[in-house]
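Undergrad: The chain contents come next:
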Amino acid sequence: DKVVNIGYSGPLSGGAAFYGKDVQSGIEMAIGELNRAGGVNVKGEKVTFKLVSLDDRYLPNETATNVRRLTSQGINVVFVPHAGGILTVQPLTTRDPNFLLVAYSSEPKILAANNPMTFMLPPRYDNYLQPFVSTQMKAFGKKLGMVGTTSAYGKQWAEAVTEEWKKQGGTVGANNGVDYATTVDYSSAVTKALAEKPDVLFIGGPSQPTALVIKAAREQGFKGGFIVMDQAKFEQMDTVVPRAYLDGSVGVLPTKEFPGTQVFVNQYQRAYKKIPTSEAALNYMGMNVIAKAMELAGTTDDPQAIRAQLNAAAKALPQNKTVYKLTGVTPGGHVDAEFLIASVKDGKYSRLRVNKVYK
Amino acid sequence: MTLFLQQLFNALALGGVYALVALGLTLVYGVMRVPNFAHGGLYMLGAYFTYAILTGLGVGYVPALLLAAVGVAVLAAVLERLVFYPLRNAPHVHAMIAAIGVLFFLEAAVQLIWGPDFKQIAEPVPGILNAGGVIITWQRLLVILASFLVMLGLNFFLKRTLTGATIEAMSQNREGARLVGINVNRVGMLTFAISGALAAAAAALIAPIISVAPSMGEVMNLKVFAIIILGGMGSVPGAIVGAFLLAFAEVFGGFYINLDFADVIGFAALVFVLAIRPEGLFRRGT
Amino acid sequence: MLEVRDLSVKYGHFTALHAVNLTVNPGEIVVLLGANGAGKSTLFRTLSGLQRPSGGTATWNGMPLTGGKPEHNVAHGVAQCPEGRLLFPDLSVEKNLRLGAFVHRRDGTGTARELERVYALFPALVEKRAAPAGSLSGGQQQMVAIARSLMARPQLLLLDEPSLGLAPLVVEQVFGAVQRVNQAGVSVLLAEQNAFAALGIAHRGYVLEGGRVSLQGSQGELLGDDRVRSAYLGV
Amino acid sequence: MLEVQDLGIRFGGLHAVRDVTATIPAGHITAIIGPNGAGKSTFFNLISGFYKPTSGRIRFQGEDITRLRTHEVVSRGIARTFQTTTIYKELSVLDNAMIGHRVRTRAGLLDALLRTGRERRDEEESRAGALRALERVGLAAQAGRPAGALTQEGQKRVGIAMALSSDPKLLLLDEPAAGMNPEETVNLMALIRELVSGGLTVALVEHKMSLVMGLADGIVVLHHGQKIAQGTPGEVSRDPAVIEAYLGGHAHGGQMGQTITATTTGAPRA
Amino acid sequence: MTRPRLHLGLWGWVAVFALAALLPLFRPGGYVLDVAINTMIWAMLAYGLNVMLGYTGQLPLAHAGFFGIGAYTVGILTLKQGWNFWLAWPAAVIVSALGGLLLGLVAFRTKGDAFAIFTLGVGVIIALIINKWDDLTGGNDGLNGVPPASSLFGIDFSKSANFYYVALAALALTVLIVARARGSVFGRSLVAIRGGEDLARSAGIDVFTHKLRALMLSTAIAGFAGGVYAAYVGFLGSGVTGPTTTFTILLYLLVGGVGTLAGPLLGTALIYVALQFMKGLQDYQYIVFGPLLVLLVLFAPQGLAGLWDRWSARRVQARTERAVDHA
Ligand SMILES: Nc1ncnc2c1ncn2[C@@H]1O[C@H](COP(=O)(O)OP(=O)(O)OP(=O)(O)O)[C@@H](O)[C@H]1O
Ligand SMILES: Nc1ncnc2c1ncn2[C@@H]1O[C@H](COP(=O)(O)OP(=O)(O)OP(=O)(O)O)[C@@H](O)[C@H]1O
Ligand SMILES: CC(C)C[C@H](N)C(=O)O
Ligand SMILES: [Mg+2]
Ligand SMILES: [Mg+2]
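Chains as they are written, first to last, in my numbering: chain R, 1 to 359; chain G, 360 to 645; chain E, 646 to 880; chain A, 881 to 1150; chain U, 1151 to 1477.
Derived by calculation from the structure, the hints in this document are not laboratory data.
All clues given are correct.
Result set (BS3-like, lysine-lysine): computed pairs, CA atoms no more than 27 Å apart in a straight line:
hint	chain 1	residue 1	chain 2	residue 2
1	R	325	R	256
2	E	740	G	518
3	R	109	U	1282
4	R	273	U	1429
5	R	155	U	1230
6	U	1429	R	274
7	U	1309	R	109
8	R	143	U	1282
9	R	2	U	1429
Make the full structure from the sequences, and use the hints.
TA: Pasting the structure below:
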């Protein structure tokens, strides 16, 4: 029997630890299940997995050091859950030794790098823009206020949403983005944004602070809609604020509202006592696809060969391991999975249609 | 105008919280000459204690606040005994590094016990007060009132009671304090306990407005250090004035200049003031 | 009565006091002469409990003073006016004095009475009572320091070089005050460089050299001793 | 050699030195006396550039040095010691003296990094200059010891050596004999005399009348920041204003300025 | 009390660097080289800090900011302006030194703790500016794809094993510079300032100018290290330019021994490697590391260099005692 180590470098302490832990739990759960089932069969050999996690505190340079450490321990597959770290280590994937970089970030730049060893899990966020904007503009009006977070990712989002909003004929107010990580009290930022009397607010960052921004806005009498960046999850926000506050928001559909996620949701909740989000779900799926790809490739230590089998593996993934419907992996290394967005009305989620999908 | 008033209340609430946290820090600095970088950790702990007491004991908000304050006070006193007391004659950098070690530990311990996710504390009095278009939540009003009350109480304690005088005496001359019969060890612990209690009270007050997370102390740390330098290290009135200055700079600077730079504005103000008055606003006499 | 028996004090490897023996009887003013670094301040700090001895004992009326708890010593009637004054510079003169009576904090009326007495002793302080102690001139600060030690209502007063850096006129005032305090029944142990003035008011004296008592005797004996005359009186 | 004119400084509301006009003649020993808080140390701090006066001017050897910074003042030839002994206790005696010689050297950071000729010359010169100064105060034999290991008196000498190694023309001593016993005080007086006979000008602040009266060629008396008298020791000690403000019973008689009158008088005299 | 010295002597240093130069010959994994290069980068930073804290007695908490200024200078010049690394690197040193000059002109109005915290404020501002100036620094995204050091004399420095020698040479130069600065007329004046500013002033030392030069040397070294970092890591983010990095460096310095020549290297190597080991502890790493720090300051306040001194002093004492016994 053989034990294959899987690497993970993400924030396990500091402000982003919450996020890093969710990702870690997803991978861990997949590995646990695989091992309990006796592992996978690679060229007649039983292979089980072990997750080797290193903390990088969300710092790209730490990610680089961690990745070097993991690869020099003979690890061929490394999960990284933040755009900065991913972009930093992408050039390393093809240097000696090669490794498969599992990227958990919806940043399109990651795909633009055309890196042959990247495997990107979440849908690109640019998919959300058109439906979010048209839904909210129709429902509330043409003026958008901006209170997003100022992380790298958040700023990209803000720019993209601004552009889309204008494209569809709306007006955008001043950017009142605040750093969700260092701001003690959001109400003054919200007060400022609301002074422009917007119909819709763009918000988003980690779930909890995002919920607090919603709270501040509602308390100050804002009756309009919210466009919620994909980083924030409705299912986590509604533990912080009354569901009624979320009415009129558009964002990513909660994982447990997806059709067919019941098994995963239940098992995850039992194992981790946390809310299952797409962080956990997508990484869970990603790990399973990799295990399958190893099986198909007949190797655990040739990352190129494993990468070549990802598409086939995704298609062959058993039903019970599929959280979101999976149609394959693009040649560029991007997961081609179902993604659903929703608007909240009267405390209920209703799904939004996506016309054109970027892959 | 309503907008201005609205922001005024925001700034007052923020300033009140800053002041409570900064007061503890400045007291400890004044008495022990320790730049206590673990102070933000105590603040964070105060929020978690409040959370744990609320969810675990099922008591009301006010008893939870008081219990958390007592809990953190005890812990701070223990810290003084174990870490800072033995370092009282060492160079300041040592105490500073030790304090950072304590901060690391507290953060990691809290994350281990309560997890890395954000916790939410329900507002004891939910809802808002709408006074002619100026909207203020009851919690903010509570923060403002309570922090002013605590500040008044502290001032009375320091200026009007003999125990308070011993704290001031020790901050000015440790040996002299020993010679008149003051038990400086007890005063040292007392000061740490007070600083812990103030930080915890501040955290419990603001916790329902913000979210509680293990790293919440780091940001506060930077701000309160900026505040006490601005006000003059060790100065009590300086800490209060500095706290409100920073809060006003952040809120109104963010409002009238640029929110993106709200944090920079605070520090820029600090650098600016120090460049003009290197000794801080309220210099202690020699 | 103060009894010091074989008291030794070390700073690291350096021995500052070597088995010093010394007594102060009730009602006495005893002067301690010695060059710089002879160990006078070390002895005083030890008697106050600020410094732990490495050997020997010091007792006041049978009670040990070397437990390392200055507050205990003050509470039992041994108060020091230290070298360098050690005042609380930002606090008012009056608050300084009140803190001097910290060990009597339960006795408000006693403290008030004592306050009046020290003001009577140092009238110059009355008009300065509200001023921060740090703003006073050196001599006035020295008066505050002495007055503060008196506020503890000591039975034994330890004065460490009270005349240091003082103008001649002020030195006179200080020694006059010491004498009056003593006449009120307080025993005094006084360290001085100003040997003439000190021997002038003392009953007895000791000479400390290199941490050892090299000579002792009454006022007259010391004033007549050749070694004292050449080394400390400059005659 | 040094003239001050209408010199004054205020700290907040306090006029610590006010309208002082005085001269310190070359080759003499001038003593500054006055009650505690009279402004003597402040006066020295003004001359040595530690404080900037709020009024008046200071001229040294004909040059206006009022606005110069401390190290510039030192380089002109004015060195000082502090009221409380301040030296680098953890450094060697020699290092202390070499630090005092810094003002006579020019080697900077770049010289250090590139080990230039100037760096090496300056290092040599510092050593030589420092040793010369230690020689003068009689500490040459102790050059290698940590300064803190010396006796109080030795440390005072280190402080003087540090001042001397800057090759000063005028030396300001702030209470050099404070805390010294009579024997040590006599030694110090001999040292000061020797320095003066070597061509140095000395100004000193001191409360020990034995030293002042035995040493000074001229005395300046300050009170509440103002000059209330100036003259020879004899003149000053008879001046009623000085007696009232400062000397008290010490004006006449008393062994070396010290009396035992306190025994009998008890109460401070009016 | 004298400061610990931890004398390696000239030959000791030559031996250390010669041994270090052999490392790549053993063809260690990329990770070992990575740790070694990182150690050297952070050690250089610690040397820079030591110039201020150890020799001059001032604690500038904006240190990582200057590291960032150096790193971003190299990053921006090579990535956006197409400069050669070997030109951009000296430019980074100059820019950081000038930054130090500007800081010093204002910051040296304050002293002691106020100076430390004033510079902390400046450090925060530098990190914030780097973070917010999107057009120049890439803001929160950072600068990605900073090119590795360009080839020189036909040596390809994009290979870790070759770049290792660049870092090693940079570290050697840093040690040499710091040693020279310390053992000079200039350095003695810094020590005088550390011992007491007023005294130094009255001794005729131009305190302000000396402090300014020392700060410039310190920030120049920080920028120098930043240049190595930029070319090595290839990514620059504002996170690494903030106070956390400064405190980490301070920690290395303290562990090694403030004011010593070997301390910064020793402390960095020990703590950086220890932290690498502790990463395996994940959630428990700071639970262990925090108290370790506390214990360290409590029981080894002079750092490793201090322990070494104490140990060698005891040996000397034991030897003399033996000698006395035999006599
Ligand atoms: N904290 C200390 N650590 C080490 N040595 C000390 C310490 N305090 C005093 N000493 C040394 O102990 C000796 C006695 O010092 P002490 O202050 O008792 O002398 P003193 O007689 O009071 O002198 P002075 O007249 O200067 O006040 C001196 O050699 C002094 O250097
Ligand atoms: N930096 C300062 N800030 C404020 N006040 C000061 C300062 N320096 C001195 N003073 C005040 O100026 C006055 C003169 O002080 P100075 O030190 O010159 O007195 P002195 O004559 O040297 O007295 P002593 O004989 O006691 O040493 C005092 O009232 C003192 O409190
Ligand atoms: C929402 C997440 C997929 C994005 C992630 N936080 C990032 O940094 O890229
Ligand atoms: Mg003494
Ligand atoms: Mg003086």
